[in-house]
Amino acid sequence: MATMTYIDAIARGMWEEMERDASVFLIGEDIGAYGGAFKTTKGFLERFGEDRVIDSTLSEAAILGAATGAAVVGMRPVAEMQFADFVTCGFNQIVTNAAKIHYRWHLPVPMVVRLPSGGYIHGGPYHSASTEAWFFHVPGLKIVAPSNPYDAKGLMKSAIRDNNPVLFFEFKYLYRRIKGEIPDGDYTVPLGKGEVKREGGDIALLTYGSTVHFALEAAEILRREDGIETRVVDLRTLLPLDAGLILESARATGKVLIVHEANLTGGIGGEIAALIADRAFQHLDAPVRRLGALDTPVPYAPSLEEAVLPNTTGIVQALRELAAY
Amino acid sequence: MAATKMLAVPLPPSPSVTNAQKIELYYCMRLTRACDDAILRLYKQGQVVGGAYTGRGNEATAVGSAFALEDRDYLFPMHRDLGAHLVKGQTLRHIFLQQLARDGSLTRGRDGTGHYADPSLRIYGNVSHLAAMIPVAAGVALASRMRKEDAVVLNYIGEGGSNVGDFHEGLNMAAVMKLPLVLIIENNQFAYSTPARKQYAAAKLSDRAAGYGIPGVTIDGTDVMTVYAVCRTAIDRARKGGGPTLIESVTMRMHGHSASDDASYVPAALLQEWSRKDPVHTFERQLGKEGLLDPDKIAALQEKIAGEIEEAIAFALAQPLPPPGDAAEGVYAP
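The listed protein sequences correspond, in order, to chains X and P.
Add 1 to the 1-based position in the first sequence for our numbering, that's all there is to it.
Add 201 to the 1-based position in the second sequence for our numbering, that's all there is to it.
Be a bit skeptical, because a hint or two may be false.
To be verified - Capping the alpha-carbon separation at 20 Å, the derived lysine to aspartate or glutamate pairs in EDC-like fashion look like this: (1) P:Lys245 to P:Asp463; (2) P:Lys223 to P:Glu485; (3) P:Lys478 to P:Asp424; (4) P:Lys478 to P:Asp238; (5) P:Lys379 to X:Glu51; (6) X:Lys180 to X:Glu218; (7) X:Lys40 to X:Asp52; (8) P:Lys245 to P:Glu511; (9) X:Lys194 to X:Glu272; (10) P:Lys379 to X:Asp52; (11) P:Lys349 to X:Asp52; (12) P:Lys379 to P:Asp351; (13) P:Lys441 to P:Asp351; (14) P:Lys379 to X:Asp56; (15) P:Lys379 to X:Glu30; (16) P:Lys349 to P:Asp272; (17) X:Lys40 to X:Glu30; (18) P:Lys379 to X:Asp31; (19) P:Lys349 to X:Glu51; (20) X:Lys194 to X:Glu249; (21) P:Lys498 to P:Glu485; (22) P:Lys441 to X:Asp52; (23) P:Lys223 to P:Glu271; (24) P:Lys349 to X:Asp22.
Claimed, not checked - Here chain X is said to cover these stretches of chain P; the calculated rule only asks that three of the stretch's residues, wherever they fall, bring their Cβ under 8 Å from a Cβ of chain X: (25) 315-323; (26) 333-345; (27) 525-534.
Stated by the list, open to error - Just a few of them, taken from the derived set where beta-carbon distance is under 10 Å, the chain P residues facing chain X: (28) Gly326; (29) Arg348; (30) Glu370; (31) Asn373; (32) Met374; (33) Met378.
If you're looking for bench data, these hints aren't it; they were derived computationally from the structure.
Positions of the beta carbon are idealized from the N, C-alpha and C atoms, including for glycine.
Using the sequences provided together with the hints, build the complete structure.
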């Protein structure tokens, strides 16, 4: 066992996969000699060489298109978006090419797109976005969003070994803030499986990524101050959703709060709420509640950013309202 | 409307083309045209249910360019490049299975026309967002070089599609990385209804190559021997590690954008002018002068082609449509 930060766990996952499979390579802006904007790939160039750690031109479309092409002929590229915000410039490559290839051509597209995501870092409107919902609507993609070092490494390894385009949302807020125990050597976390982070029979709180940590804090406050027991579920994979775990959690508690950092309207929480309404309605004791960021760009000033993004206080309040319903 | 000016370019030393190869080139051009005509017939009969796109006027470019490829090379064609599919070895049965959306087609009815991939022939068809294929083609060139395959990727775009950002981003990356990619701009004067003069202000599109630090050349895309010679040189250069070449092949789209487009916006005089440069007839006359073709040989070839197409269409029409119960199958790879 080793204690590792979230960002080092991501790097470790890539490193081990590059050691075990020569078809895995990295491509992105500033990832080689500089080691990446967040230093995720520091040391990779020295170990794996410039054929497998490619400093690309500044072009998300070229990075994502080239990764798609390489994947179609059997390589396993890991493409880095410097910030999840910049994936807009390569959106077409993901949704038009990568996502549709297997359906049309019956050829696997084993590629991973890394997307440093989210706010709480005073990055302003162009370095703080949560962009996962844009891709959630696209058949052919998989989406993961780990909340901790163990899952980050295990999901990275699963994503690289998967035969489909996997969007790997990693949370900048967690990069060096969250540390965890990681077993030595090879292990994977399966795609499509959520995890119960905390048991509780009164309310189910479904979340992923950065807000998992706020959710756990809020659940502890509710237990301590209100005697309310909250089951906290980390979804881990967003596409495909772990429908079984979502429905089981709704049925077991009868009250559901969905929390995500991304803004509310058109967010993944809406689909989860619809799934529960469709298939667990008769088990509900209250309307399904959703909590997300305000429907604004993520603002720059700390006072504004705090007002826009979800936090522990807001989750506590939503849980109390739900408990009282 | 003035056609793009073709500046005299020094042609490379002509690669030796045997008489047998010349006949093969002619056969492939004739086959391409006959296939296109058959697809239009099937469209008018209601058998082709979506769009029908022909390459009439583009046969020399499609056939001559693909003829310069080796088996191990990759083809990323467009919707006017049926001839390139055929030269690379695609069967007529698969062409018509695709056109007719049958269960046994290479996309199992999930996509139509040339939008298929056939890894055994190293053909990777286009998406409708044509320029989006350029970065993908660059990625295949990258992977191929990593694996030391000694292979080249040949990709095509139109004068319209050359204005999309992916053109710049893909070609620039390929140039910086010296990838084995050859990109042909088929300048056929119209992007749907929009004439070339409304698409770009450059004197010629190959001038753009200078911006990427790669060679660029504009050629007469109706002359199959020129197309072959220039592509052969560019492909050889790419194979030796010299990086990409941009080739503007000037042709004329002699049909509408698709079968539903009567192309009434194309001036009749322009069509007449280009009719005189019809690539199939031009090459036919040339081979006649060289003593390689005569009316009897041409008739025999036409008859052979008609029979081959008839067989393929009959085969494809006898196949079922894909079962609707399978519609959700194949979104994800196992």
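Hints, verified against the model:
| no. | hint | result |
| --- | --- | --- |
| 1 | P:Lys245 to P:Asp463 | holds, 13 Å |
| 2 | P:Lys223 to P:Glu485 | holds, 10 Å |
| 3 | P:Lys478 to P:Asp424 | holds, 9 Å |
| 4 | P:Lys478 to P:Asp238 | holds, 19 Å |
| 5 | P:Lys379 to X:Glu51 | holds, 14 Å |
| 6 | X:Lys180 to X:Glu218 | holds, 16 Å |
| 7 | X:Lys40 to X:Asp52 | holds, 19 Å |
| 8 | P:Lys245 to P:Glu511 | holds, 16 Å |
| 9 | X:Lys194 to X:Glu272 | holds, 17 Å |
| 10 | P:Lys379 to X:Asp52 | holds, 13 Å |
| 11 | P:Lys349 to X:Asp52 | holds, 12 Å |
| 12 | P:Lys379 to P:Asp351 | holds, 13 Å |
| 13 | P:Lys441 to P:Asp351 | holds, 8 Å |
| 14 | P:Lys379 to X:Asp56 | holds, 14 Å |
| 15 | P:Lys379 to X:Glu30 | holds, 18 Å |
| 16 | P:Lys349 to P:Asp272 | holds, 15 Å |
| 17 | X:Lys40 to X:Glu30 | holds, 12 Å |
| 18 | P:Lys379 to X:Asp31 | holds, 19 Å |
| 19 | P:Lys349 to X:Glu51 | holds, 15 Å |
| 20 | X:Lys194 to X:Glu249 | holds, 13 Å |
| 21 | P:Lys498 to P:Glu485 | holds, 11 Å |
| 22 | P:Lys441 to X:Asp52 | holds, 18 Å |
| 23 | P:Lys223 to P:Glu271 | holds, 17 Å |
| 24 | P:Lys349 to X:Asp22 | holds, 17 Å |
| 25 | 315-323 | holds (count 4) |
| 26 | 333-345 | holds (count 13) |
| 27 | 525-534 | holds (count 4) |
| 28 | Gly326 | holds, 8 Å |
| 29 | Arg348 | holds, 8 Å |
| 30 | Glu370 | holds, 4 Å |
| 31 | Asn373 | holds, 6 Å |
| 32 | Met374 | holds, 4 Å |
| 33 | Met378 | holds, 8 Å |
Consistency note: the structure conflicts with none of the earlier hints.
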